[in-house]
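**Student:** What follows is each chain in one-letter form.
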Amino acid sequence: NAGVTQTPKFQVLKTGQSMTLQCAQDMNHEYMSWYRQDPGMGLRLIHYSVGAGITDQGEVPNGYNVSRSTTEDFPLRLLSAAPSQTSVYFCASSYEGGALETQYFGPGTRLLVL
Amino acid sequence: GIQVEQSPPDLILQEGANSTLRCNFSDSVNNLQWFHQNPWGQLINLFYIPSGTKQNGRLSATTVATERYSLLYISSSQTTDSGVYFCAPQATGFQKLVFGTGTRLLVSP
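The listed protein sequences derive, respectively, from chains A and B. Using our numbering, the final residue of the first sequence is 114, and nothing's skipped along the way. Using our numbering, the final residue of the second sequence is 109, and nothing's skipped along the way.
Next up, chain B with everything else stripped away, as it sits in the complex (with noise of 0.2 Å):
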């Protein structure tokens, strides 16, 4: 099946600093999503990016799926940035998400 693989798995910023979180992938693929798990465990959808780029305030998402990876950008980071972010890619011609292991977040005041 589809390999995932997300960099850095720890990241540590000050509040106001800027990121890059990467996703690569191994397959061809109809879709992706970016997740952002808070501190309470709770799974919020950032993005639904197959391709392109998309933007929702202070958060962008870029998906090049001919090249299989995409970039989840944040900037001016926030404490309550502080969580896990997970990508999921959909494989074409399955009907299922794989997640990778995720990035943990921590924004510090």
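Excised from the complex, chain A in its bound form (with noise of 0.2 Å):
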């Protein structure tokens, strides 16, 4: 199993610019979110979904789109972006069933807002 996948590892965009962050598992997971991580702080749940055609917002959705069509994928989609949304993105998946089980996690993609 490759486990949770992200690509791209690093990205540099331009204010206004789009993108799409990828993500990937491939346990089955039904369980699946996006967390930002800023400098010095913990992370924070940005989207989430707990199956294919079922997403809900976490504490910072804003300027975040998500959709989940398959069990294995889980995209994140920046609109617009912003300097203040330069971080890095972690993508994590689990079973689900009421309580979350052990959190796998993938690489993280670095991203910069220029």
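The hints are simulated quantities; they were obtained by calculation from the structure and are not laboratory data. These numbers come from a predicted model, not from an experiment. You can take every hint at face value.
To give a feel for the contact side, a few chain A residues facing chain B, derived at Cβ under 8 Å: (1) M41; (2) G42; (3) L45; (4) Y48; (5) V50; (6) G58; (7) F90; (8) E96; (9) E101; (10) Q103; (11) Y104; (12) P107.
Note that the Cβ used here is the ideal one computed from N, Cα and C, for glycine as well.
Both chains come to you apart, so use the hints to assemble them.
**Tutor:** This is the structure in structure tokens:
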């Protein structure tokens, strides 16, 4: 199993550009989520999904869109990038049955918005 | 929402020393997980521990949900233990983890 994969590893954008961060998992996990991590801080939840076709907002959803058309994939879209979105983005997945089980994280995408 | 506090924020140890990291949370929880973020940024799940005690090698964790805290013990620390340790509880009725700000650990040889 590859686990949780993320692409790209690193991206530079100009203000106003759009892009999609890709996340995929091959563990047949129902639950997937996106976090951002800013320097010296913990992880903050952007969006999450409890299964294909179901998404919900986390703590910091503004400026980001998600969709979940398959169990395996959970892309994160930035519609119009802003410098405040410079961060490291992590995708995670787990089984979900009321209580979230062990979360597995991808390697992260480092995003710089100029 | 649930508030999560981790202490201490920073910790420096000599190799071989023991340490205890604490996580306090404000609400009842279904679940709590501990993670280690290594110096290269990778996040690894250490424990899934909604209650009770678990051990994995030199690491162990205890969660007392009724008193709203969890402890992570590191014994005989090694330089490879360096990094940031996060706890992340899942508040009852919510389908998401909330991360604390972490404890940054540096183990020197």
